[in-house]
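Colleague: Residues per chain, in single letters:
2 protein chains.
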Amino acid sequence: MPRRPQTMELPSIGALDRSAGQLGRQLTQALRDAIRSGALKPGEPLPSTRHLAKSLGLARGTASEAFEQLIAEGFLEAHSRAGTRVATTLTDLRPARARAGKRVETAAPPRLSQAATTIANVSRQFAPLPPIPFAVSVPTGPAAPDDVWRRLGNRIRARGPGAPSGYDDPHGVPVLREAIADYVRRSRSVRCSADQVVVTTGTQQGLYIACQVLLDPSDTAWVEDPAYRGITGILESMGRKDRMISVPVDHAGIDVDAGIAMAKHARAAFVTPSHQYPLGVPMSMGRRSALLAWARSNDAWIVEDDYDSELRYSGHPFPSLQGLAPDRVVYLGTFSKILFPSLRLGYAIVPDALVPAFCGGRNLIDRHSPSADQHVLAAFIAEGHLERHIRRIRGVYADRREQLIAMLARWIPKELGWLQPSDQGMHLMLWLAKDINDELAALRALESGVAVRAVSPMYSPGNGQPGLILGLGGFSNEQMEAAVRQLAAVLMTVRKRKPLASQRVSKNPLNGSLSRR
Amino acid sequence: MPRRPQTMELPSIGALDRSAGQLGRQLTQALRDAIRSGALKPGEPLPSTRHLAKSLGLARGTASEAFEQLIAEGFLEAHSRAGTRVATTLTDLRPARARAGKRVETAAPPRLSQAATTIANVSRQFAPLPPIPFAVSVPTGPAAPDDVWRRLGNRIRARGPGAPSGYDDPHGVPVLREAIADYVRRSRSVRCSADQVVVTTGTQQGLYIACQVLLDPSDTAWVEDPAYRGITGILESMGRKDRMISVPVDHAGIDVDAGIAMAKHARAAFVTPSHQYPLGVPMSMGRRSALLAWARSNDAWIVEDDYDSELRYSGHPFPSLQGLAPDRVVYLGTFSKILFPSLRLGYAIVPDALVPAFCGGRNLIDRHSPSADQHVLAAFIAEGHLERHIRRIRGVYADRREQLIAMLARWIPKELGWLQPSDQGMHLMLWLAKDINDELAALRALESGVAVRAVSPMYSPGNGQPGLILGLGGFSNEQMEAAVRQLAAVLMTVRKRKPLASQRVSKNPLNGSLSRR
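Protein chains in written order, with numbering that gives the first Met the number 0: chain A, 0 to 516; chain B, 0 to 516.
Please keep in mind that the hints were generated in silico from the structure rather than gathered at the bench. We treat Cβ as the ideally placed atom computed from N, Cα and C, and that holds for glycine. Among the hints, a few may not be true.
Claimed, not checked - Derived pair list, reagent style DSS-like, types lysine-lysine, alpha-carbon separation capped at 30 Å:
#1 A/K40 <-> B/K413
#2 A/K433 <-> A/K240
#3 A/K53 <-> A/K40
#4 A/K413 <-> A/K433
#5 B/K413 <-> B/K433
#6 A/K263 <-> B/K413
#7 A/K240 <-> B/K240
#8 B/K240 <-> B/K263
#9 A/K240 <-> A/K263
As the list claims (entries may be wrong) - Quick look at which bits of chain B chain A covers, simulated, 3 or more residues with Cβ under 8 Å:
#10 68-78
#11 157-168
#12 212-224
#13 330-343
#14 431-441
#15 458-464
With the hints as constraints, model all of the structure from the sequences given.
Modeller: This is the structure we're talking about:
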């Protein structure tokens with residue numbers, strides 16, 4: 000077959016840019032593109048390197064190198080007699096519709112799995128909020144860890160085990176596990192050794208690994224109703240929605256008798272005993288012991304999400320469930336809230352029998368947490384900085400909390416919203432009047448610069464109550480007050496039309512609520 | 000009912016330690032322990048605070064505070080007339096066997112799920128190796144990122160977006176996504192926008208999210224045979240072992256025709272085209288186009304694990320599969336190998352349609368990567384340090400690789416082990432004689448201070464070939480040579496008894512191999 004130098008009359012080859020240099024690489028890419036686009040077809044012969052080099056004004060060696068590279072990549076084939084051709088082993092690389100002469104962009108998009116759709120939808124419901132009032136846990140001003148954290152980090156990263164290194168143990172670095180075990184024994188009555196500590200990236204990963212490890216395909220699990228969307232989202236994304244039992248929460252925490260009536264033989268219960276999320280109530284001692292008795296008699300696990308337990312504003316905190324039954328409870332803690340979320344470090348305290356599976360789960364998901372930060376945190380705890388930081392921000396949060404409670408009382412008409420009593424944590428729970436759509440309110444609030452989270456989607460279908468979660472933290476009193484006033488205006492706007500009394504409120508919201516106080 | 004002060008004759012109460020201070024807290028804890036242990040039983044009355052304080056030599060207020068705390072916790076109940084009692088709502092907190100008078104430690108351990116057992120077992124097979132030759136990717140000496148990394152980190156963490164902050168977007172910080180998109184477009188012919196980049200903690204998490212997102216319960220997936228244990232481990236841990244199709248790999252990569260014959264309608268193929276793991280061969284262009292053609296005609300996804308692609312020692316690297324079919328390919332990259340594993344940062348480049356699901360999957364697993372490191376890495380790439388680092392270590396690795404190849408030729412008798420040809424990557428693949436048990440060899444090697452990974456467990460059952468993976472990197476020539484000699488000795492020890500010729504080798508291993516060279 001004769002050589003066909005005219006195949007080089009391709010627009011893509013004409014585009015070599017002499018000023019950009021690397022002409023050989025440009026030529027290689029241009030030939031690749033021509034083959035991919037179908038301008039050069041499988042089996043088609045190429046000009047000789049001599050001919051090609053001459054026509055493009057290149058050194059012959061440059062053309063030869065391009066050919067050699069494309070032969071190595073399998074785009075071209077060298078035939079001793081027939082010269083170089085586009086490889087005949089190449090299946091046409093263009094999408095089917097492009098081959099049929101249609102535009103590539105109009106090709107039917109690949110089908111998504113059900114899982115992809117579920118995961119995208121679920122996750123949207125607990126996407127992060129922007130760092131404006133009342134996003135939870137925004138560390139600025141006195142709520143942020145001070146320069147000690149940064150200086151310690153610079154020192155520890157410089158050398159030793161904090162410096163760049165190879166793959167680490169999924170279990171977590173030993174010095175951090177020791178520091179965490181000490182800390183939770185002292186502050187949370189958790190009974191554990193450092194071997195039972197598995198370092199995580201935070202509560203979310205702890206919950207994920209617990210679901211992965213504790214549940215077989217046919218097992219059911221209790222969750223609270225309402226619940227943290229992080230845990231119900233995981234179970235839904237794993238295709239376990241039908242085996243997720245939403246057990247009602249009342250003023251004393253999860254209703255264990257109701258859970259037993261609904262699904263006695265569940266394999267695990269996911270609970271937030273210190274400070275129920277989202278309602279903020281602690282689980283009573285009676286409920287704690289009933290829950291443990293159920294777990295023992297049914298050979299079930301309890302997963303205790305002890306988020307925010309450091310921030311109790313009156314009395315000592317409740318002791319952990321784990322301390323009452325270390326063989327039955329997986330205890331989850333995090334430094335995201337108390338230090339800063341962007342750190343991504345937390346921990347699971349697990350019964351000895353579960354340690355290999357938790358480490359294995361971590362290894363499969365993402366191997367381990369960045370080592371340098373683990374060493375920095377270990378030093379931060381061991382040198383006493385963490386407990387000093389907690390004492391400091393407990394005061395900061397207590398003060399902001401009181402301020403926010405007063406502002407809400409002042410600006411939110413009490414028939415529109417009222418607070419759930421609670422004495423702990425980084426958020427307040429504002430119940431809303433039944434005729435307010437809390438999701439719509441959250442959306443409108445965000446549009447006007449206020450970040451709140453709606454509570455109703457945290458309930459099982461049909462049981463939703465309207466309410467909003469307001470985070471405390473990195474906001475000044477001025478920011479909070481402006482946001483509360485804005486929120487009050489939003490609530491009145493989204494409230495459904497009501498006869499007389501309510502309409503008067505919405506006509507003059509701020510005065511109305513002031514006079515009502 | 001009369002008060003029974005004798006209930007206070009409990010050993011735990013006698014143990015109050017005056018020198019330690021916080022007597023109120025000690026008393027609270029002692030009472031809690033007495034209730035938990037059953038020494039104080041539900042409904043049992045307590046002495047008055049006056050009586051108790053007197054008998055313990057405490058201020059009455061201290062005893063009152065302890066009672067109030069325990070009432071708040073639900074351990075005690077206050078009755079206006081009958082005084083304070085242990086709460087009757089408390090179910091007995093002791094494990095059943097302890098109640099029956101047996102030792103707590105002998106209680107039957109909770110039953111583990113099948114999942115827990117599977118995960119622990121699977122994970123053991125790709126647990127990290129200690130940082131001794133020939134662990135993969137140990138960054139020391141000239142292979143470690145230099146002081147630029149540390150100084151840049153200190154600067155970026157000090158202020159701005161690198162400082163401690165709140166929850167971030169699971170997608171990854173925009174400046175890092177831009178830097179990654181630029182980098183992969185330039186170096187790997189990947190076609191993408193920054194919106195298609197999802198920051199991960201490395202390839203392992205990229206694979207995990209891909210499995211989570213791409214596959215519905217009944218879907219099958221192709222994996223390579225042999226394969227990276229990270230991917231087959233994920234699928235096994237998800238209960239998908241029966242729907243995992245192990246497609247043979249030959250000198251040209253995965254055998255697409257074999258895959259089609261085995262499971263044409265698979266939903267995804269997980270491949271390592273640049274440098275097959277563990278064999279080290281690149282996928283030929285013919286196979287690449289056949290794989291893409293299959294994916295298009297069957298509406299399947301391809302997951303391209305492009306680990307080690309930066310380290311090609313001759314010619315340009317192959318272009319990525321992603322660049323040939325951006326709508327069908329999920330491209331996974333990592334900075335673990337090229338920078339350092341303890342950093343835990345990588346990326347997935349995904350088709351637009353999959354972006355929400357990948358971000359959602361990340362959000363459910365662990366929300367996002369630590370923000371500070373993302374900003375440091377973004378600056379490291381944007382300021383050109385990454386590409387300088389890659390150029391530098393490419394030379395370092397090429398040199399060490401040549402040295403190691405020479406050492407292996409010198410010390411390993413060629414009938415015991417021979418190298419798989421390859422021109423890329425951070426490891427060499429040493430095939431072993433059929434009569435050597437590679438798992439036993441790896442175990443014995445580790446006992447004698449040499450870390451290698453056996454290849455046979457990476458094959459589907461029954462197809463295993465014995466071989467060892469030897470990582471390059473943070474080891475001096477002296478370390479490598481000593482380790483190779485040790486490895487040669489180990490191989491001769493574990494080899495099964497053979498007639499004559501082989502026995503002569505094992506009698507005088509080093510001379511034997513020297514003379515054979």
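Colleague: Against each hint, give a clear statement of whether it holds in the structure.
Modeller: Hints, one by one, checked against the model:
no. : hint              : verdict
1   : A/K40 <-> B/K413  : violated, 44 Å
2   : A/K433 <-> A/K240 : holds, 27 Å
3   : A/K53 <-> A/K40   : holds, 23 Å
4   : A/K413 <-> A/K433 : holds, 13 Å
5   : B/K413 <-> B/K433 : holds, 13 Å
6   : A/K263 <-> B/K413 : violated, 64 Å
7   : A/K240 <-> B/K240 : holds, 22 Å
8   : B/K240 <-> B/K263 : holds, 17 Å
9   : A/K240 <-> A/K263 : holds, 17 Å
10  : 68-78             : holds (count 5)
11  : 157-168           : holds (count 8)
12  : 212-224           : holds (count 6)
13  : 330-343           : holds (count 7)
14  : 431-441           : violated (count 0)
15  : 458-464           : violated (count 0)
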